[in-house]
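Hey, can you work out the whole structure from these sequences and the hints?
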Amino acid sequence: MKNTLLNLYEKDATKKVLASLISILIGLLVGVVVVVIVGLSKDTITAAGIWDGVRLIFFGILSKGRNAAGQLVWGYNAQSLGNMLFRATPLIMTGLSVAVAYKTGLFNIGAPGQYLMGTLASLMIALGIPSTNVPAGLIWILAFLGGCLAGALWGAIPGMLKAFLNINEVLACIMTNWLAANLVTWAFDVSNFKNVLENTKAGYIYKTSYNGVATPKLGLDKLFPNSQVNGGILIAVLIAIAVYILMTKTTMGYQLKACGSNRHAARYAGINDKRNIVLSMAIAGCLAGGGAALYWLSGNTEFYWSTYQSLPSIGFNGIPVALLAVSNPIGVIFTAIFMAMLDIVGQQLTGLTAYNEYITDVIISVIVYLSAFSLVIRMLITGKRRAGASNANAEPPRNDPKNTEEGGEQA
Amino acid sequence: MSFLIQQTLLYAVPLMIVALAGVFAERSGIINLALEGIMIFGAFIGVLFVRSMQSFDVFTEAARSGDWLTLQGLELLAMLVSALMGAVFSLLLSFASINLKADQTVGGTALNMMAPALVLFLVRILANQNTLQMATGDAASWFMIKKSTFGIKKNVDIGFLGETFIHKVYLATYICILVFIILSIILYKTRFGLRLRSCGENPQAADSLGINVYKMRYAGTTISGALAGMGGFVYSLTTANCTANGDVAGFGFLALAVMIFGNWKPLNIAGASLLFGLFKCIAAAYSSIDLNGDGIYTLANLGISSHLYRMLPYLVTLAVLAFTSKKSRAPKAEGIPYDKGSR
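Each protein sequence line maps, in turn, to chains A and B.
Just so we're aligned, residue 138 is where the first sequence starts under the working numbering, counting upward by one.
Just so we're aligned, residue 3 is where the second sequence starts under the working numbering, counting upward by one.
Heads up, a few of these hints could be off.
If you anchor each label on the Cβ, the simulated ranges turn out as follows [to be verified]: (1) Lys342(B) / Phe196(A): 37 to 47 Å; (2) Gly68(B) / Phe196(A): 54 to 64 Å; (3) Ser289(B) / Phe196(A): 49 to 59 Å; (4) Ile154(B) / Ser328(A): 32 to 42 Å; (5) Glu335(A) / Ser307(B): 21 to 31 Å; (6) Tyr190(B) / Ala184(A): 53 to 63 Å; (7) Gly212(B) / Phe195(A): 43 to 53 Å; (8) Leu82(B) / Ser328(A): 45 to 55 Å.
Derived by calculation from the structure, the hints in this document are not laboratory data.
The C-beta atom is built at its ideal place from N, Cα and C for all residues, glycine as well.
Below is the structure:
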């Protein structure tokens, strides 16, 4: 009995992985189609250029640039791989942020805003406390915790609006995103952390290494020479494991998930649903803010402070990371690394071909689109053609709380 | 004062038409979170159309000789094309959420990510920069209706109404208002409108009376896509000097807020969008608003940080949602994929 159950679980898990892989493959193929169509319709792009573009989409991470003859050279590129891990660090965090909220029935599109507030708090603390008086390690810890806290507070706002005033969390998150973008610009505008020493860096905030604060490399720079990678990736992985334990092994995680599957049933069972909605958004915000801290505290990243017209894509890319991982915290680690790889691929495309990095965003959006109906893909894999009503209702926890809520509004 | 009214209208009208786009989708039962993405796509298509039409002699000649009828025709054509392509783009959402019963929030988010990515990818290849502009001239010289359009001299005063509604305006603004009125009547006074609304309230009952729910929902989202695409182009034409850069500054989401605030009813939406247009206008142009015409810019002299003014539309949206969400009455079946088998 136990064995068969185990097999069944394994089957389901493999199906999920397969569905994600198929989504990725289709996304990449759409990218290839776009590259080919644009290449054919543009006279300046040759057939060889198209072929280079296509190859880079799939294997850009292994590209070593062009040789003297103008041919693409392939091979192990430690710098690209290290940078990939560095970029994966905040993506793991924002991915976890979206995943935790999704598990509890909330769609956290507010990760960009929470990420920005985390940026604000961690940079302010890292640059504001003089390292002459306080040890740099302590400042780093304070800045990281500050980033987490700021994100958590910012995430709690849409959570409270949702729990107490029944405002759609998607809309509330989007408004708080833009508020955060303006607030961060405002705060840095009046601060004295703007880089005035190097005149090529106008508009940027000082690196945290300016104050002697930087994430320790933990030997990873030896493994990936010339890259930006640091110990942050290990911290992110540890946090992912912690989130996994929190969501699957603790009472709190169980309560959060119960509210996600059916808010009203959870309340009937004696769970405080409002508290859990706020808590879920606060945890989500905390993770996104922590991701920002890990990224900006690295010591070699510079924040462009006048950001009121744009939101950080790392925040939005938490959505595909979480969706591809089917909201599994451990899966998030791998999907985040994949997204970071696409990022590097985009850079290679911009540098080496007539194409640009936005093609990777197209690929990512196709993947998100496909994961909207991943259930159908999963069903195609098993060969069950018809999307049975009972099946469809049993699988996604998303729709249920929404429906009941809308019904509750009328009452 | 007329400057304030004109500026408010510039922001309010796209907002209104895109909010109506949201109404058509949600009243048929589909949450169209992709309004923002469709706007971005529509703006790009419209600008691209204008840009490529400018290479034809007919239009360059018309611009040179001031043949404004041809130019307004071009503007209308661009609106039509962007509406068409917006509708096509929205089919992605309809297909996923109607045929494949996908999660509409995720599907909409995907379109919101896809539109700027695709637009920026193409713009960068077409123009070698991140903004697609008109090939020659600007929106004001080609499409803006001025006193001189009617042969009136610049220094002739044509009264308050004339100065506000005829001088320095775009035809697109009035077309949008007209479309808004016509579609509102269709939604409420025709058989089609009633059927569409019934699919958003109780699709099972509608189906039992022989209405094809899938078809109606397709109609709702397609109209929604067309309106949002057109609204996107109108936004870029009237407020961004006919340029496209893969961004409409969260306008599509503001339109969703307007829709909720307006309680999914056209008349309330018109009022709500005027209010939001006013705040958006204050945020964008507070430093040049002259309230009573004495040459003193009151708002700029208050000494309030420009950052606060820019936050105003979003703060107001949240406040308004907080006060109205308890009373709001969304279409009952919105967001629920229609399944014939379920009850």
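### Query
Looking back at the hints listed earlier, which ones does the structure fail to meet?
4
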